[in-house]
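Participant: Let chain A serve as the given structure and place chains B and C on it in line with the hints.
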Amino acid sequence: MSDFEKWKALLLGGALNRRDFLAGAAALAGTAGLSAGLAPRAAHAEPKRGGHMRLGLGSGSTNDTLNPWNYPDAFTTMLGYGCLGNCLVEVDAEGNAVGDLAESFAASDDQKTWTFRLREGLSFHDGRPVRAEDVVASIRFHMTPESTSAAKSLLANITDITATEAGEVVFVLGDGATDFPYFLATVLLVIMPSEGGVVDWQSGIRTGPFVLEEFEPGVRAKLRRFEGYHKPGLPYADSCELLSIPDTTARTNALLSGDVHYVDRLDMRTLGLLGRKPDIRILNIPGYAHYYFSMLNDVPPFDDPNVRMALKYAIDREDILAKVLQGYGSVGNDNPIAASVKYAVDPQPVHSYDPDTAREWLKKSGLESLTVDLHVAEVGFPGCIDAAVLFKEHAAKAGIDINVIREPSDGYWDNVWLKKGFCATYSDGRPSCDWNFSVFYAADAAWNDSRWKNAEFDAMLAEGRALPDGEERAALYAKMQDLVQKDGGNIIVAFNDFVCAHSDAIDHGAVVGFPLSDGYRITSRWWFS
Amino acid sequence: MSRLILGLMTLVLVSALIFMVVALLPGDFARAILGPNATPETVAAFRHEVGLDRPALARYLEWISGAVRGDFGLSFSSRSGNTRTVAEMILPRFRNTLFLAGFAALMAVPLAITLGVLSALYRNSWLDRTVNAMTLTSISLPEFFVAYLLMFFFVVKIPLFYSLASVDAGTPLGERLLRTALPALTLVLVTVAHMMRMVRASIIAVLASPYIEMARLKGLSPARIILRHALPNAWAPIVSVIAVNLAYLIVGVVVVEVVFVYPGVGQLMVDAVSKRDVPVVQACALIFAATYILMNLAADILTVVSNPRLLHPKEGGVR
Amino acid sequence: MSRALVSHMVKAWGGARNAPVMAQVGLVVMIFYAALALLAPLIAPYPETALVGGMFEPWSATFPLGTDQLGRDFLSRLIYGARNTIGLALATTLLAFTTGGFLGLVAAERGGWVDQVLSRIVDVLMAMPQLIFALVLLTAFGSSILNLVLIIAALDATRVFRLARAVALNVVSLDFVEAARLQGHGALRIILFEVLPNVIPPLVAELGLRFCFVFLTISALSFLGIGIQPPTADWGSMVRETAALISYGDVTPLLPAGAIVLLAIAVNFVVDWFLLKASGLKE
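As they're listed, the protein sequences go chains A, B and C.
Everything in the first sequence is counted per the working numbering, starting at 1 for the first residue and increasing by one.
Everything in the second sequence is counted per the working numbering, starting at 530 for the first residue and increasing by one.
Everything in the third sequence is counted per the working numbering, starting at 849 for the first residue and increasing by one.
Pulled out of the complex, with its shape left as it was, chain A reads as follows (with noise of 0.2 Å):
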């Protein structure tokens, strides 16, 4: 049995050592927080070539397909994007939109007509170059009327997309907008061939680090390396493959085992126990996903700011941190742009967990109690039902009866969440306050969780959108960020690291947080050790 205690106790004080040194090494990084892998270790091995690369992903399913309109879960994006594709721009590790495909981009003065040159010398799979009129096709495709691409919302505000006889794209745009290159980076717009205008996304033929060979929905993909790829020196591996592995204690097996080299959705409850195999390394990257438990502002009891205030005061995100992010992550003070975000702010005072003040706030509802039903499922967040099993009893102590209803992961989406008034949900954050504000906080945002609808907040954002970088764009940003945290009817409970654990049979440089999994580009970026 002595094994069995060492272990709890060593958790337990790894978990608050950890936690003391992820604080310290967030302040010394600041803003560039988001680029190191925190991990203490020694200095990285000189990236090598060659190996056979096997990642087992806790998602894919047999219905998937090589469609960009829309990459459900992690497996298809690294497939589609991470190992198959590239788009005009990428985020840097600092949060910037920087060219992938595209050499360089301008915007007029209006911000309305943006004009992107294409890297010299870019080629498919197949050989073939890639022209403008296929970044126009691909584009476009998202576009048509019969789309049901995930992205065409974002793309609304294109009029026209236009390839110049120099090689160059010039895109139109209704209204101006200085972060439009930050859209072009959404990992569904990847670049395809196309033939008269159609594209061929059937074929999986792009521009990626990896050529498909064999993809079977629902249970691997295989690759090999492209050797054109544009990326000097990229790919390390000279193969990849991709494993669904939807079992979260087979998928830490069989990294024990060595059957594969990369696991993501790790248990986090036995995080510190996988952290002492010597043989495995855990990689937390700090960025913009958060968690959250949204209230929809039209519904009863939640349509009174002060019973919002009551509840974003009873829940002590401290303590869910610890015990379902294992501190893996910062807690949340309901705002959604993550600190690394150019124009972030820190709204006061902070909500933190304070039953007193929840008492007040509920009397200013003029209610003495409050019995609430909060909904959730597994896919709700990563360790959501133990979350609301915590708010529950933090809840009780000023006053606040919540009811925990487990939904069916089945169907979640479609019934629980924007349907019920009170439920968990998560957002990847995105790494501009317009782009966030735009997906998740305006009135009409299709994504708009809780419903919440403010004019002030609205007109605000359409000012920001056209206006240049600068000191009044930063103000406004704090204003609108303000605004969200005292009357959103998001409560943000932490905002989480993407943990994932590799063998030591690979190594890796620094890491990006967004999109998530070092850019999803784990299979060109890494090495073998």
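Treat the hints with care, as some may be off.
Unchecked claim - A partial selection of chain C residues facing chain A, derived with a Cβ cut-off under 8 Å:
#	residue
1	Met903
2	Leu918
3	Leu986
As the list claims (entries may be wrong) - Only pairs whose alpha carbons sit at most 30 Å apart, straight line, appear in this in silico DSBU-like list of lysine-lysine:
#	chain 1	residue 1	chain 2	residue 2
4	A	Lys419	A	Lys397
5	A	Lys342	A	Lys479
6	C	Lys1125	B	Lys686
7	A	Lys277	B	Lys686
8	A	Lys342	A	Lys152
9	A	Lys342	A	Lys364
If you're looking for bench data, these hints aren't it; they were derived computationally from the structure.
Source: prediction; values computed, not measured.
Glycine residues also receive a C-beta, built at the ideal position from the N, C-alpha and C atoms.
Facilitator: Coordinates of chains B and C only, in the frame set by chain A:
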């Protein structure tokens, strides 16, 4: 013949029932496959594309008339330029399912009969009690837990086998057997108890009958009595419980497939249910139901063949 | 209650003192579990759901089996788990056996179209893959405890029906049933007083196994993401929640799993002994 017709009738009813139940499920395929980030327009366009906006009865009739002709239609995940027929999705997986079931059955059935006979022969001995307690333990543990235990011992502690049973058509037989060893072993552990207990109970039940008493009085050895006289007469319930377990090996192995990432039909069906891919759900259910019905039919026939007196129940002394 | 049944039970309970050791052990374990279930609030050191310590605290005098991932006392949850798990399994099994058994006897006694209709319905239900069927139904109707009990009971009842019908078919053709019919007794009376007492032994044998299968079904459903509502403690879900620890050689998941195994073995030892008595086979 009449049983065959009954079986076919059951099959049709099953397909209708599954269709109704799937229709009862909250949410739809369009929403389910597009995920939380799908906009309402996206969903609407999608529903139209796969025909979900037509009445359920029309969809069902169309499907069943196709199925009769051996055409199971297209999966909802088909798109223009990338068609995926239900048949091509199911066939390779069904082959895998049959392989695993066969592998497990080859180990489980002889083991169950041997253990059952031995524990009936030496009933109430330490052997009987140990076998009894061990088999009860193995069926009282959840399947996934048995699987995890095996993984811990035979993959993590002693690296004998693989934790991933992901095989494909090109996997050579040797590696295939090695990769599927643990899932097969899990299935053996969870099915052997049920069969072994029935073997033991049936033999003991027969032991109480007068002709066994007679054999005993004649001075035959206990082993001979059981093998020559008791076992043949206890065959009927044993065969039927074996049939049920064989059907289970094909139909009920979802959990084992998930844990070992084995590409079988169960996993496909769970996926299809959660994505509301009705044509695939239908076809899987139909295959499963057919398997179950066939197994029971085979058990009936085997029972009659193994004990000809059952053909003329009035003449024999079988109660 | 029929005389035959009562005499079975009297024989059974009266003979407990003379029962084989294994059966005695089984009885003691069952009584122990029943006491745990009934007296859980008195025995358990902490409430079922309260956060009383840090997460994963080691075994100590304060927390005899440590705490779980949220800081709830593991021993208390195991004890409350007895109440929830056994209660659930008992309710489900009894429901399955009363409905399945009764309908099976009716089908056997009535025969004709009653038998045909019931048997066909059961055939159809049995031909459905059970776990997936339960999963679909629970998703459709919501996974409340009541729905869980009803759905698992309904699926189990089909198996009981088959068994009851098969055994009863032999009984209804016997002389004493025929005699009762000639005396003009109603069908219900014949089923309850003449047929039922004679099909009890095989049904009890089945009951022993079915009772254990309920835990497994709940556990398997929680594996597929549906199960008992949190923060209620039940052994099946507790195994699922802690199962990942087994990869590191940790014993925690063995505690709830062991609780299930022990109960299963105890129940079946007692059932075996009952069968032995009922069969009249001398050892």
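Participant: Going back to the hint list, which numbers does this structure go against?
Facilitator: 6, 9
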